[in-house]
Each structure stands twice: as structure tokens, then as C-alpha cells.
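For the record, the sequence lines run as chains G and W. The opening position of the first sequence corresponds to residue 81 in our numbering, with each subsequent residue numbered one higher. The opening position of the second sequence corresponds to residue 81 in our numbering, with each subsequent residue numbered one higher.
Errors might be hidden in some of the hints.
Repeated chains share a single entry, so a pair holds when one copy, or any two copies, can fit it.
[What the hints assert, rightly or not] Straight line, CA to CA, 27 angstroms or less: simulated DSS-like cross-link-like pairs of lysine-lysine:
{"#": "1", "residue 1": "Lys252", "residue 2": "Lys157"}
{"#": "2", "residue 1": "Lys252", "residue 2": "Lys267"}
{"#": "3", "residue 1": "Lys267", "residue 2": "Lys136"}
{"#": "4", "residue 1": "Lys138", "residue 2": "Lys157"}
{"#": "5", "residue 1": "Lys132", "residue 2": "Lys252"}
{"#": "6", "residue 1": "Lys252", "residue 2": "Lys134"}
{"#": "7", "residue 1": "Lys267", "residue 2": "Lys138"}
{"#": "8", "residue 1": "Lys87", "residue 2": "Lys132"}
{"#": "9", "residue 1": "Lys134", "residue 2": "Lys268"}
{"#": "10", "residue 1": "Lys252", "residue 2": "Lys131"}
{"#": "11", "residue 1": "Lys87", "residue 2": "Lys136"}
{"#": "12", "residue 1": "Lys157", "residue 2": "Lys87"}
{"#": "13", "residue 1": "Lys131", "residue 2": "Lys157"}
I should point out that these hints are in silico values taken from the structure, not numbers from a laboratory.
There are 2 protein chains.
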Amino acid sequence: MKIKVLKDILGANEQIAERNRRLLDSNNVFAVNLMSSPGAGKTSLILQTIKKLKGKVKIGVIEGDVSSSIDAEAVGKEGVPVIQINTEGGCHLDANMIGSALGRIALQDIDLLFIENVGNLICPAEFTLGAHKKVVISSLPEGDDKPFKYPLMFHVADVVLLNKIDLSPYLKFDTDTFSQTIRGVNKKVEFFPISCTTGQGIEQWVSWLLTQMNRR
Amino acid sequence: MKIKVLKDILGANEQIAERNRRLLDSNNVFAVNLMSSPGAGKTSLILQTIKKLKGKVKIGVIEGDVSSSIDAEAVGKEGVPVIQINTEGGCHLDANMIGSALGRIALQDIDLLFIENVGNLICPAEFTLGAHKKVVISSLPEGDDKPFKYPLMFHVADVVLLNKIDLSPYLKFDTDTFSQTIRGVNKKVEFFPISCTTGQGIEQWVSWLLTQMNRR
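The following block holds chain G by itself, in its conformation from the complex (with noise of 0.2 angstroms):
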């Protein structure tokens, strides 16, 4: 009983998601659907990617929080339109919040759009939300058994960044098995590491964004 509700939520959560793929898709927006644990770097790639792409690709957020609105307020400092969510205690974003943030947006001045999820290794991975792709940033300090403790977020990403590097001399973390733990839940998966303090890595993640959104 407990399963098949979830399952009508989820179904539900389906349509309007390609409800909200559909506006996108008409509006020729690319959506990245942004998800990891807290502290991990969502809002940091964000910024870096924001500079990276300044001049040559219109960006638009979306920031998801359970609660406050400072990572909105950093991501409009760098003059791109934002909409906030607060989901007020929720654990996720679902493809009606979505739906409400792209009608106060204006889709047809943007041409590539973040939707930073809440911070949150479980429920996010179970609500698609209409976007063209589901970026999964992992961080050193976490360890490198993350793959393995929490299988459905890595298995759903189309990529896996694993930010922090610059730490790797002061942490144990085996990335070989990291990445063969990912490959082990997900066969199509790219991956690459970065740090968004250094900027290590970011040439790659653009280069692999920019490439997506060229080949719709």
C-alpha cells in the first residue's frame, strides 16, 4: 500500500516533469538538475561555470533550500537571473516547484539553466524534474565509499563530479575505487574530478556542458 502510493506521487511527478521539459525544450533552454550532499560544492560549480561561460552563454538558476537564501543572493551577484525555492523543511525539489519557478522566469532570455536541488544524497534522485541533465557532485572529505552507501543518486547521473581534489594530499581517498564504484551502479556515466577553489577540472566540465547543449 506504503509502494503504491509512492508510486502515484512519483508518476504524477513524472507528467509534470515533461510538462516542464516541454517549456524548455520550446524556449530552447538546457536544464541541469544539480544534486549532492550538503557542503559539497553545488553553489560554488555554479559560480565557476557562471564565470567561465560570461559573455558567450545566457544562465539562469533555479536555488533550491529547505530553508534561507543565501546561495541566491551569491548566485546573483554575478548578475544572472535567480528564482528561489524555500521547501520549508522538504527534502527535495519536484517537478511541480519547478513548474511554479519557470513560470517567474523569463526562458526566453536564457539559454542554459541550473536547478540547484536541496542538499540531500537520498530523495532528490527519486524526483525527476524535466531537466535535460542530472549532474551529481561528490567531494573528497566525504569519502570515497559514497558510490556504494547511497546507489540510486549515482545511479541516476549522467555525470559525476567529484569536487575537492585540492584536498586529496591531507585525505585518504582512493579514486580508483571511487570511480570503478560508480561505473559498478552506472555503466554511462562520465566523470570527472575538479576543484572549484582551484579551478582544476572546470575547463573539462564546461567543455562536456557546452557539448550537450550543442547536441540537442
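Chain W: place on chain G using the hints.
Leaving out everything else, chain W in the frame of chain G:
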């Protein structure tokens, strides 16, 4: 309507949590509900505490994970009884799961029970388990804004442990901002900076824990 259903679930959970507490008390077992983001150091803290209290306090552990049993295996190597709960995708432990697990532990043989919750800074905060104290671990790499962005978790905490302070030379983290934000959402909280890698602060944490156990 949505809110009413959630209240019913939480109300039912509360009743089972009270039953768990009575069972723990009648067996003279002190229980700690340990919560954090993925990779903040819950298992490391349990391992450090087991080492410190070996021969003095009989410890048992309930390991909550979405999937896998690697934490339970790591703890089991220390020779303490461990019960694994796999939530199969579920994002938090609830009182019912703990009730079942308590039936599988020889409670008369332990003094202190660690309940390692699922790695998630949101949902576990809403579900009381029947433990005597709620301990939240935050870690330096997650950033000093976490109490501001995930207020409920820091609001329900009896203690906040700030882990990975050995990484402070390599990270921007304002400990004063962090501790002040915690006090802003929770006047009575205890706060200990620690490192499970170097052992710094573990003495203070264990001393606090023993005081709480003796105070009952």
C-alpha cells in the same frame, strides 16, 4: 491535508519512540541518536568512542544505512554487538525500525547504545527514535553556513560536534560564525570541535557523554 497526514505519522512515531525509551530505561541502557550529512564522520566517531571506553562501558550499535553494511562491518571488528538496518532507499530511521532492532539486541549486556542514523541533514531531524540524546556531527569541509541552511537539525541537537578540524589550515571556515549560528537556533546546545583523525577533542566529547550517562 498533507500536513495532517504528516502529523499523524509523526504522532504515531512519537508513541513508538516512547515505548523504545521505556524499554531502554528498564534495561538501564543510555541511547544516542547520531545524525549528520553523508561522510561527516558518524562511524569514525563511534569507532573513536569505542576505543576510549573499552573495558569501562559496554557499547552496542545500530547502523542505519540506505543500503550496504560496510559501516556495520567496521564497527563489528571492534568486538561490539551491531545490528544493521537497511532502509532500502528510505531517508531516515524511524521509531518502528528501532523498536524492531532493539528486539534483536541483548540489552541487558550493554550500557550505551549508538544509533547511527542515515546520512542526511534533513529528514532524520523530524523522527524521534526514543534515544536519550541527539548528537549532530557537522564537518569543516561542509562549510560554516550549514546551521543556517538546515536549521531544524541543529535545533533538535543536544550536542553539535564539529569534526575534521585537522583540515582547518586548508579551508575557509569561521568557527565563531558557525557556533553563533547554532546558538541562534538552539540556546541550550553543547558544542565540541573534534577530529576523529587526530583524536583532538574526543576526550571532551567522551567526558560529556559519561556525565550524561551518570546523571540519569
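Cα distance capped at 27 angstroms. Does lysine 252 pair with lysine 131 within a copy, between copies, both, or neither? between (31 angstroms within a copy, 21 angstroms between copies)
Which holds for lysine 131 with lysine 157 at a C-alpha limit of 27 angstroms: within a copy, between copies, both or neither? within (12 angstroms within a copy, 48 angstroms between copies)
For the identical chains here, do lysine 132 and lysine 252 meet the 27 angstroms Cα criterion within one copy, between copies, both, or neither? between (31 angstroms within a copy, 23 angstroms between copies)
At 27 angstroms max between alpha carbons, let me know whether lysine 252 reaches lysine 267 within a copy, between copies, both or neither. within (25 angstroms within a copy, 36 angstroms between copies)
With identical chains, the pair lysine 252 and lysine 157 could be close in the same copy or across copies; at 27 angstroms between alpha carbons, which is it: within, between, both, or neither? Between. Shortest inter-copy distance 20 angstroms satisfies the 27 angstroms Cα cut-off; intra-copy 36 angstroms does not.
Give the relationship of lysine 267 and lysine 136 under a CA distance limit of 27 angstroms: within one copy only, between copies only, both, or neither. neither (32 angstroms within a copy, 48 angstroms between copies)
With identical chains treated as interchangeable, where does the CA-CA distance between lysine 134 and lysine 268 reach 27 angstroms or less: within a copy, between copies, both, or neither? neither (30 angstroms within a copy, 46 angstroms between copies)
Alpha-carbon proximity between lysine 157 and lysine 87, which holds within one copy, between copies, both or neither at 27 angstroms: neither (40 angstroms within a copy, 39 angstroms between copies)
Between lysine 138 and lysine 157, at a C-alpha cutoff of 27 angstroms, which is it: within one copy, between copies, both, or neither? Within one copy only: 15 angstroms inside, 54 angstroms across.
One pair to classify: lysine 252 and lysine 134, alpha carbons no more than 27 angstroms apart. Within, between, both, or neither? between (36 angstroms within a copy, 26 angstroms between copies)
Given a CA cutoff of 27 angstroms, do lysine 87 and lysine 132 count as a within-copy pair, a between-copy pair, both, or neither? neither (40 angstroms within a copy, 46 angstroms between copies)
How would you label the pair lysine 87, lysine 136 (within, between, both, or neither) given a Cα cut-off of 27 angstroms? The answer is neither: 41 angstroms in one copy and 49 angstroms across copies each exceed 27 angstroms.
Checked against the numbered hints listed earlier, the structure breaks hints 3, 7, 8, 9, 11 and 12; every other hint is satisfied.
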